[in-house]
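Participant: Chain residues, written in single-letter form:
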Amino acid sequence: MYGRKVKLRFFFILLVLSVLILSVFLVLKSLEENVVYFKSPSEVKMIKELNDKKIRIGGMVKKESVEMLKNEINFIITDLKNEIKVTYSGVIPNLFSEGKGVVAEGFLKDRNFFQASKILAKHDENYMPPEVKASLKEK
Amino acid sequence: MLKIFEPNRIFLITSKAPKYVFALFILVLSVGLVEALILSPEDYKQSHSVRIMYVHVPSAWISLGIFSSITFLSLSGYIFKNKNFFLIAKSLAPSGLVFNIVALVTGSIWGKPTWGTWWAWDARITSMLILAIFYLLYLIAWRIYEDKDQVLKITTLITILGIINIPIIKYSVDWWNTLHQPASINILSKSSIHSSMLLPLIIMTAAFALFSLLIFLMKYNTELIKLKNKGLDRL
Numbered sequence: 000m001y002g003r004k005v006k007l008r009f010f011f012i013l014l015v016l017s018v019l020i021l022s023v024f025l026v027l028k029s030l031e032e033n034v035v036y037f038k039s040p041s042e043v044k045m046i047k048e049l050n051d052k053k054i055r056i057g058g059m060v061k062k063e064s065v066e067m068l069k070n071e072i073n074f075i076i077t078d079l080k081n082e083i084k085v086t087y088s089g090v091i092p093n094l095f096s097e098g099k100g101v102v103a104e105g106f107l108k109d110r111n112f113f114q115a116s117k118i119l120a121k122h123d124e125n126y127m128p129p130e131v132k133a134s135l136k137e138k
Numbered sequence: 000m001l002k003i004f005e006p007n008r009i010f011l012i013t014s015k016a017p018k019y020v021f022a023l024f025i026l027v028l029s030v031g032l033v034e035a036l037i038l039s040p041e042d043y044k045q046s047h048s049v050r051i052m053y054v055h056v057p058s059a060w061i062s063l064g065i066f067s068s069i070t071f072l073s074l075s076g077y078i079f080k081n082k083n084f085f086l087i088a089k090s091l092a093p094s095g096l097v098f099n100i101v102a103l104v105t106g107s108i109w110g111k112p113t114w115g116t117w118w119a120w121d122a123r124i125t126s127m128l129i130l131a132i133f134y135l136l137y138l139i140a141w142r143i144y145e146d147k148d149q150v151l152k153i154t155t156l157i158t159i160l161g162i163i164n165i166p167i168i169k170y171s172v173d174w175w176n177t178l179h180q181p182a183s184i185n186i187l188s189k190s191s192i193h194s195s196m197l198l199p200l201i202i203m204t205a206a207f208a209l210f211s212l213l214i215f216l217m218k219y220n221t222e223l224i225k226l227k228n229k230g231l232d233r234l
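These protein sequences, in sequence, are chains A and B. Straight run, no breaks: the first sequence in numbering that gives the first Met the number 0 ends on number 138. Straight run, no breaks: the second sequence in numbering that gives the first Met the number 0 ends on number 234.
This is chain B alone, in the form it adopts within the complex:
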């Protein structure tokens, strides 16, 4: 079972794929930026500052998505005792943290002209900050624990604790009064964002996802090289 997870075959993919992913990323990003900055219309209320949203929202989505994936992988790794899952999770984390910070910073830049404040301790923003702290904890744990078995346990524990935060982030704007507006894009009901603004948002999300994939492949490749060099620590 799981033949595709054999280290040598993965290594072949992770060492060759990045350049193609990079080319695709540049392509999609350029199209996305042209759409977001030039072709898409300004908003009726916030005029040009709506364009910050095309970076803010994809970043937030991706950081949530990556944390969920990390948790899923860590738990699967724990249940099936598969170390490879942990390595994939570890390699995903840095881009998740980066996009989390990007979401916080762009949100702050958007908040100043729109709300009139850089920062508010409302439920959505605070829970997003907590997610960033969990990302940091997760990455620090990988750095400081030398013992392999210990680090797997600690990082899994961090993801279990952190995953509770994900639905809180998602639903904070519906459960409580928050300064942050509720979601504009709904799968089940009609979205309250105009289609001309939805298009750049989707392209930018694809671009950021490709960027995460690129960083992931490079990180994961490094992990595999480390394993090869050690020779002891088999998957």
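Looking at chain A on its own, in the form it has when it is part of the complex:
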């Protein structure tokens, strides 16, 4: 139906696209360390050498772990397997609350203790009106 040249160009494009996809995949795979925005507590436990570099850790704020002091706030970030204690002084976003996602930027003092210089609240993908949330809670 189509000429030989049309077919040739079609397969050439397919070849170019597959080579590109493969190379981008390989690049992203090797850069994965830098692509992730934050590390989970379990990934932090697996870090071999601790250094002074600024990192981000993220997970859920453990329920009943938030402790508000005069100038600082302490809480625990958990991924339900491992957890890390975080201390922070500064502004906390409105959506920061227990049982919700959080990303903390700062320095790792040791594998269990994190000094945050910035706190970001992570929003989840659930959108619903307050009444629906309330009725979900009752169940």
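Everything labelled a hint here was simulated from the structure, so no lab data went into it. If a hint is listed, it holds; no wrong ones were tucked in.
For lysine to aspartate or glutamate, the following EDC-like pairs were computed, each having C-alpha atoms within a straight-line distance of at most 16 angstroms:
#  : chain 1 : residue 1 : chain 2 : residue 2
1  : A       : 28        : B       : 173
2  : A       : 53        : A       : 32
3  : B       : 169       : A       : 124
4  : B       : 44        : A       : 123
5  : A       : 132       : B       : 41
6  : A       : 84        : A       : 63
7  : B       : 44        : A       : 97
8  : B       : 229       : B       : 146
9  : A       : 84        : A       : 97
10 : B       : 82        : B       : 222
11 : A       : 84        : A       : 66
12 : A       : 99        : A       : 82
13 : A       : 108       : A       : 51
14 : B       : 189       : A       : 124
15 : A       : 62        : A       : 97
16 : A       : 47        : A       : 32
17 : B       : 229       : B       : 145
18 : A       : 47        : A       : 109
19 : B       : 44        : A       : 124
20 : A       : 117       : A       : 71
21 : B       : 82        : B       : 146
22 : A       : 117       : A       : 104
23 : A       : 52        : A       : 104
24 : B       : 44        : A       : 130
Computed footprint of chain A on chain B; a stretch qualifies when at least three of its residues, placed anywhere within it, have a C-beta under 8 angstroms from a C-beta of chain A:
#  : region
25 : 68-78
26 : 116-127
27 : 151-163
28 : 172-179
Every value quoted in this text rests on a predicted model; they were computed, and no experiment measured them. All C-beta atoms, glycine included, are put in the ideal place defined by N, C-alpha and C.
Given the coordinates of chain A, work out where chain B should sit on it, guided by the hints.
Facilitator: Just chain B now, with coordinates in the frame of chain A:
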């Protein structure tokens, strides 16, 4: 074959259709805005700032959709040596870029009260910024290359390079830890957005799609007039 692609017939459509599309756009946009700003409920967690989502998400969808269409058209144009496909692609690009920027800006406005930051270099946001750069490159290429054959090759190359980014944008939130939340609307599994919030989202998407169509028709009409005036460069 492809009788409908005859320039004269298309010209008839592109010069008449915009006013009807415009009327429809205004209608759908008003309904969408009333739904999004007044009738839809506030979110249990983010309260009223959820309303930014009704602009943010449709814009992002449309900018992704338009870039995919541009790539598809350019590649088809290259394979079948049909210049008309390139002109359609060229006319689609401006609204794609506009919605891409709208998505970035509204995302930033939403991010401040929700996350606590205007900007984060996470995978979703960065890849969306890269898409905007590809849109810019694509449009600039059309402007600076005088030679017709050259511009077709260059713009096709840009779309091929840019299209790799599209699945990265889509799946970045699933592949890596990102600050951006994963998709709330899933075709295969249950969506995690309440139906009262889904309705305005869909209407706003339709409104933005109509706006893109309107801008496309006007741009494309201009391209056809240019062709007519030149008289040399046949489709």
